[in-house]
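**Student:** The chain contents come next:
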Amino acid sequence: MKKSELCVIVFMLLFSGFFFYNTMDLPPEAQTYPRFIIGLLVALTILKLVLMILASKKSKEKIINDDADVWEGLLPKQFAVVCVASLLYFVLMYFFGFYVASLAYLVYCLHFFHISLKYSIITILTMLVIIYAVFTIFLNVPLPTGEILSQFI
Amino acid sequence: MAEGTYALMAAGFVNALSPTNILVMLVSVTIGIIIGCMPGLSAAMGVALLLPLTFGMEPSSGLIMLGGIYCGAIFGGSISAILIHTPGTPASAATALDGYEMTLKGMAGKALGTACTASFFGGLLSCISLYFFAPPLAQLAMKFGSPEYFWLSLFGLTIIAGVTTDSLLFGLMSGAFGLVLSTIGMDPMQGVERFMFGQDALYNGINVTCALIGLFSMSQALVLGEKAIEKRPDAAKFHDSVILTRQEMKRISPTVIRSWIIGNIIGILPGAGASIACFVGYNEAKRFSKHPEEFGHGSMEGVAGSEAANNAVTGGSLIPTLTLGIPGESVTAVLMGGLIIHGLQPGPELFTKYANMTYTFFGGFVIIQFIMYALGLVGCKAFAKIAKVSDAILIPCIFVLCVVGSFAINNSFTDVVIMFIFGVIGFLMRKFKLNTAAVVLALILGPIGERGLRRSLTLSHGDISILFSTPICIGLIILSLLSIFSPILMNKLMKAKQQ
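Order-wise, the sequence lines are chains U and F.
Count the first sequence with the working numbering and you get residues 558 to 710, in order.
Count the second sequence with the working numbering and you get residues 35 to 533, in order.
None of these hints come from the bench; they were simulated from the model.
Do not take every clue at face value.
Stated by the list, open to error - Under the rule of at most 30 Å between Cα atoms (straight-line distance), these lysine-lysine pairs were calculated in the DSS-like manner:
id, chain 1, residue 1, chain 2, residue 2
1, U, Lys559, F, Lys529
2, F, Lys467, U, Lys560
3, F, Lys265, U, Lys634
4, F, Lys467, F, Lys529
5, U, Lys619, F, Lys387
6, F, Lys261, F, Lys422
7, U, Lys675, F, Lys271
8, U, Lys560, F, Lys529
9, F, Lys419, U, Lys675
10, F, Lys261, U, Lys634
11, F, Lys526, U, Lys560
12, F, Lys526, U, Lys617
13, F, Lys467, U, Lys605
14, F, Lys467, U, Lys617
15, U, Lys615, F, Lys467
16, U, Lys675, F, Lys422
17, F, Lys265, F, Lys422
18, F, Lys415, F, Lys284
19, F, Lys265, F, Lys415
20, U, Lys615, F, Lys465
Note that this is a predicted model, so its numbers are computed, not measured.
So that you can see chain U by itself, here it is in the shape it has in the complex (with noise of 0.2 Å):
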């Protein structure tokens, strides 16, 4: 039995617990439908479970860890400065709008990963053009000017 298969089996479990509980508030006529839906779920869910449980009284072995595949060659501070940099993004877009939070998220992951100032001038211009004339010229999207720079603008 897979330790990263037993996660799964947990949060399907758990993920039909709170979409179950939810249904509670629905009128009767509306709870038929999700109910059945969840049930599928968690009676694949259980069969799975009974299944790796077979399998493994079969071979005699216990719970096998397997994050070493699960997350073969992750480098942890590396995928933390992402996803960090991804979320200061979102924030940085709320306040300043689109275009700043882009070539400020830009400028930074380019210079994380040590690209070359050359080619990091070219994206980041080729970036900024392609959807100014894409988005904001061509399907006339209001992209987000921010709560701070749209005071100004």
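Got chain U sorted already, so can you dock chain F onto it with the hints?
**Tutor:** For chain F alone, coordinates are given in the frame of chain U:
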């Protein structure tokens, strides 16, 4: 075929030749080839990422754009497979076997020419089946009522969940997980809020485009961002001609025709896709070849067999997608999402009410093959250089495009948040070997299945026998059961054979 259909075909072809559509095709095929030749990026990711670009276009032009990216990406994978021994997409994995050997022998130009020619003919011939098989299948769909649609949605889910995952149960669980998510939003019959958690933006349910961008594009950026950035090898330089001689064309012709048939059948079968077709095409090319000893050492037929088959999948896989709403693989699931975004539902209406639009798309799909051929022959050297772009540059660029694309759907920040959540879900699903394509399909098919089931039960006053009342229902139930149990039976047979 009715005379009116021929007129529609001709009109569609003329419409597809409009300057706007030609420009759309040029741009989309170029983007597709670039995405395809970059190892790590997939056709589904490209189509999902560029889906928002089609919002400002006519539906037919938008679909042509998505089709161009799809075909371009499937072909583009062969460039990096041949020149740097790294398939750009899984669909070109078999091409790398002989393509790179040809490069080592100083025949990179010939290998690229073979890939280009075989892809062109594979794609072009697949359009024939698209033209001739899609309308009759759509007519069959006209006989579908509510119970049939319920079973059809279940069949679609079972087949994609069963074939594209290592574990059948994990695939089915992914589908059921997606079905639960598809119930978020307003109840279609009772009109009450379901699992909206106070978010008005969820009134119409989870936006499928946001989910697509998150599951296929943002999760890809996260996958690229977790590992060490590897320097890509330099593409081999070549000086031989990419144009094939008449003798070379004659040599690969039987292989191309065989692979076209193989690719088409695999494409039409829901669940299988270009990555399977390339290996089947390659193996059959080897089996029928007069020089099987050349395979693995730089055989032109090997490259042709793989490339014709994977491109023949494109037209074939559109048949069940457009007629029954069952995508053959993840990229066609994304394409179907594009169709729905433009307010079109797969099924008979595409060949009646929206026939003009559909045949314009078909016409465009034919012209795309010619553009892909020309661009491939002329630009393969330039594309090979682009394939060297580092993942370090791609990661932030993909992320920015995901954000702007999801925002552009409704000019809403909530959509960006939904995209982000699905990006994380997609990343974790890939890590834990769950099936992202099944989730997307469940989000698309879930509401169709729910309407089918609830309308059927309303019509029959709660009698569930209505779900088993027609031969089509029985046929779909048998097909669903087959799609669930056939992988298990196949596994047992394989094990028995090995023993």
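**Student:** Now tell me, hint by hint, if it's right for this structure.
**Tutor:** To see whether the hints hold, each was checked on the structure:
1. Between Lys559/U and Lys529/F, the direct Cα distance comes to roughly 22 Å. Compliance with the 30 Å bound is thereby established for this hinted pair.
2. The suggested pairing of Lys467/F with Lys560/U holds, with an alpha-carbon distance near 13 Å, which does not exceed 30 Å.
3. Under the criterion of a C-alpha separation no larger than 30 Å, the hint pairing Lys265/F with Lys634/U is consistent with the structure, at around 19 Å.
4. Only pairs whose Cα atoms come within 30 Å are accepted, and Lys467/F paired with Lys529/F is accepted, the gap being roughly 23 Å.
5. As the CA atoms of Lys619/U and Lys387/F are separated by approximately 59 Å, the hinted pair breaks the 30 Å bound.
6. Distance hint between Lys261/F and Lys422/F is fulfilled; the C-alpha atoms sit about 17 Å from each other, no more than 30 Å.
7. Pair hint Lys675/U plus Lys271/F holds up; C-alpha atoms about 24 Å apart against a cutoff of 30 Å.
8. For a cut-off of 30 Å, the pair hint linking Lys560/U to Lys529/F stands: about 26 Å separates their Cα positions.
9. Taking the CA atoms of Lys419/F and Lys675/U, the gap is about 17 Å. The hint holds against a cut of 30 Å.
10. Our distance criterion of 30 Å between C-alpha atoms is met by Lys261/F and Lys634/U, whose separation comes to about 10 Å.
11. For the hint pairing Lys526/F with Lys560/U, the CA-to-CA distance comes to about 26 Å; that is within 30 Å, so the pair holds.
12. Only pairs whose Cα atoms come within 30 Å are accepted, and Lys526/F paired with Lys617/U is accepted, the gap being roughly 22 Å.
13. Annotation: proposed proximity of Lys467/F to Lys605/U holds, straight-line Cα distance about 14 Å (limit 30 Å).
14. A hinted pair counts as satisfied when its Cα atoms are at most 30 Å apart, and Lys467/F with Lys617/U qualifies at roughly 24 Å.
15. Of the supplied pair hints, the one linking Lys615/U and Lys467/F holds, its CA atoms being roughly 23 Å apart against a limit of 30 Å.
16. Between the alpha carbons of Lys675/U and Lys422/F the distance comes to roughly 16 Å, so the proposed pair stays at or under 30 Å and holds.
17. Under the criterion of a C-alpha separation no larger than 30 Å, the hint pairing Lys265/F with Lys422/F is consistent with the structure, at around 8 Å.
18. Distance hint between Lys415/F and Lys284/F is fulfilled; the C-alpha atoms sit about 25 Å from each other, no more than 30 Å.
19. Restraint check: the Cα-Cα separation between Lys265/F and Lys415/F comes to about 19 Å, which is no more than 30 Å; the hinted pair holds.
20. For the hint pairing Lys615/U with Lys465/F, the CA-to-CA distance comes to about 27 Å; that is within 30 Å, so the pair holds.
In summary, the one numbered hint that this structure violates is 5.
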